[in-house]
Amino acid sequence: MRFESAPSELFALVRHRVHEAEGPGRRSFALLQAARHTEALIWIIPGHAPHQPMLRGLPEGVGERLHLIRPANETDLLWAAEEALRSEGVGLVIAEPEKPLSLIAGRRLQLAAEAGRTTGLMLIREGQGSNAAETRWHCTPIAAERRDSTLHQWALIKNKRETLRAWTVHWNGKTAAVDPVSAACKRHEPAETSR
Amino acid sequence: MAAADARAICPELITRPADLAREAAALAGLRRWAGRYSPMVARDGPDGLIADISGVPHLFGGEAEMRADLHARLERVGLTLSSAIAETRGAAQALARHGGGILPEGAAKEGIASLPVSALRIGSDVAEGLARMGLNRIGDLTDLPRAPLARRFGPALVLRLDQALGLQPEPVSPEADAPYFGVRLTMPEPIGLEADVMSGLARLLDRLCSTLAQHHRGARRLRLELHRVDRETAQVEIGLARPMRDPERIAALFAKGVSQVEAGFGIEALRLVAHVTEDLPPEQIGGPRTIDREDALADLFSRLGNRLGFDRVLRLLPAASKIPERSFLVAPAAYSAAESPPPHRGPDRPIILFPPELVTTKGLGQPGHPPARFAWRRMSFTTLRADGPERIAPEWWFDDPAWRSGLRDYWRVETQEGPRLWLYHTPQAPTWPAQSWFAQGEFA
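Chains W and A, in that order, are what the protein sequence lines are.
Numbering-wise, full-length UniProt numbering puts 193 at position 193 of the first sequence, and it's gapless, one number per residue.
Numbering-wise, full-length UniProt numbering puts 431 at position 431 of the second sequence, and it's gapless, one number per residue.
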């Protein structure tokens, strides 16, 4: 007897595959995915990159599970990503390659993710992905009309299994839950209270 | 004697500061060597050794021959020594420091009678007190009644006297040797194949790991020395992300280093040393799956650390500071434990932090408020709304060059174009106002 699989959660990445995210809001998208995984997290940032995640701004429960790897060059970065994907103790591997991912590199990462039963997310620059990726997301933060709203536009621009779509969501960067905003870009919310 | 007095007597005197740590290490080495005379050897003060040689001298042909052998061997390596053999520890100790020699059994009392009282391991004040009473030799004390002696000079003097005469026991307690975690393997024929070296290493690791398990220790760093036929030595060193004594998992880490070793005419001996070890008490295994996962993660960090360097495998730890750059520490994951950050209160913090980048302002805004239009990383932005300011003052007890410009007013700026940035300006900096805006972070 086979059970119908539960309808997949919105923005849930297919497990044991490698995905790609691009655009200026890609790190927010990565942190949402990090908050949704319960196991150890690996974030591979090139050693010379000036930025790093700030512990106090991360979503709840991410800070103590996050491990940073700062490899010295691109080869080491890809090697570290492959090793981390191949390890069974890791839930999600986030890597920021600087050069375009070749088909060979993308395919190796897919095989490693399948072998280690982990999920990968490559934060690439625009147009530098590889064809081996399971899905590719274009993420941009967008301005909100209201003060307490942090809107993101997350568009699926490549998908090996299903159709492409774009969502506008409200995600405040603190929890694992997101609110999709309806097509008219009005958030479901109670009427404004009088002061 | 004070150094000044000594130099006055002998102006050509050469003096050097005492290196107590190295002296103690040398004495410990000598103690290990002295194990050839007796299994019971202990250090005696900072400059002496005491050995219990009951039942041993006949192996060397008698007490006199044994002492002569000791002197001959130590003089050959250039050490000057003085030694004594007596039936009690106190008598031997006193005699060794005042001439040396051998006291036959039953002659301890007469043998030490002529030594000064200070040889009894008593304080200098007690020795002075005795001298004032006219009691200069140990022989003067032995026949005196004990009770008045103890009342005037304390029980310590009587105890030392009784120990020297054998009326009170004083055993020698040898200290345990620190366990040594090193094994070696000598081959009958030189080997050169990588597979052969790895199988030799597997044998060594089995022996080393069982020694580690006996002492409840785990290796943290290991060094494999490969001695070649032409007397060259190659070394392979690995680090582990946490203490470990599992032979197969350690052998896997050596594979890369061993493959790079030049075998030359062949390798004839292997030596494996765990030179850094840590406590690793036995643990319950076969429990929940988290232990497997932790093991897998530790293996991953060992692999990453051995290729990239352990300082590139990091973890974020909370720190108590309001300064954004110092509000968290980036520590090597192999040498720190995860800590959950305290719940965050107060204004929001960005998810990404970078060193301050100058923001080019366009047009004049309200003074002290974020500019209406600005450019950052060659992109131009229009401010939609700004939250702030949050004023952060530099830590006066910590002189940070980046914070010499004084106070900072942080604003969370939402832009028409989308990105939500963390901008600050420095009201105290004596610069042109248009140059005092910087971006330091990006919000979700």
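Derived from the structure by calculation, the hints contain no laboratory data.
Glycine included, C-beta positions come from ideal geometry on N, C-alpha and C.
Take the hints with a grain of salt, since some may be wrong.
What the hints assert, rightly or not - In silico contact screen, one side only, chain A against chain W (beta carbon under 8 Å); selected entries:
hint : residue
1    : A72
2    : I238
3    : L300
4    : I323
5    : R326
6    : A333
7    : P350
8    : P356
9    : L407
10   : Q416
11   : F438
12   : A444
Hints, verified against the model:
For A72(A), the interface hint is violated, since its Cβ never comes within 8 Å of a Cβ in chain W; the closest pair sits about 59 Å apart. A hinted interface residue such as I238(A) counts as satisfied when its beta carbon comes closer than 8 Å to some beta carbon of chain W; here the least separation is about 15 Å, so the hint is violated. Evaluation of the L300(A) hint against chain W yields a held restraint, the C-beta minimum of about 4 Å falling below 8 Å. A hinted interface residue such as I323(A) counts as satisfied when its beta carbon comes closer than 8 Å to some beta carbon of chain W; here the least separation is about 12 Å, so the hint is violated.
Because the beta carbon of R326(A) sits about 11 Å from the nearest beta carbon in chain W, more than 8 Å, this interface hint is broken. At its closest, the beta carbon of A333(A) sits 5 Å from a beta carbon of chain W; the interface hint therefore holds under the 8 Å criterion. About 5 Å separates the beta-carbon of P350(A) from the nearest beta-carbon of chain W, less than 8 Å, and the hint is met. The restraint placing P356(A) at the interface with chain W is violated, with a minimum CB-CB distance near 10 Å, outside the 8 Å limit.
Hint status for L407(A) relative to chain W: violated, with the closest Cβ pair at about 20 Å, above 8 Å. The interface hint given for Q416(A) is met, as the beta carbon of that residue sits about 5 Å from the closest beta carbon of chain W, less than 8 Å. Given hint, F438(A) at the interface with chain W, is violated; its Cβ is 13 Å from that chain's nearest Cβ, farther than 8 Å. A cut of 8 Å between beta carbons decides the hint on A444(A): the least distance to chain W is about 3 Å, and the hint holds.
The structure is inconsistent with the numbered hints 1, 2, 4, 5, 8, 9 and 11, although it conforms to all the rest.
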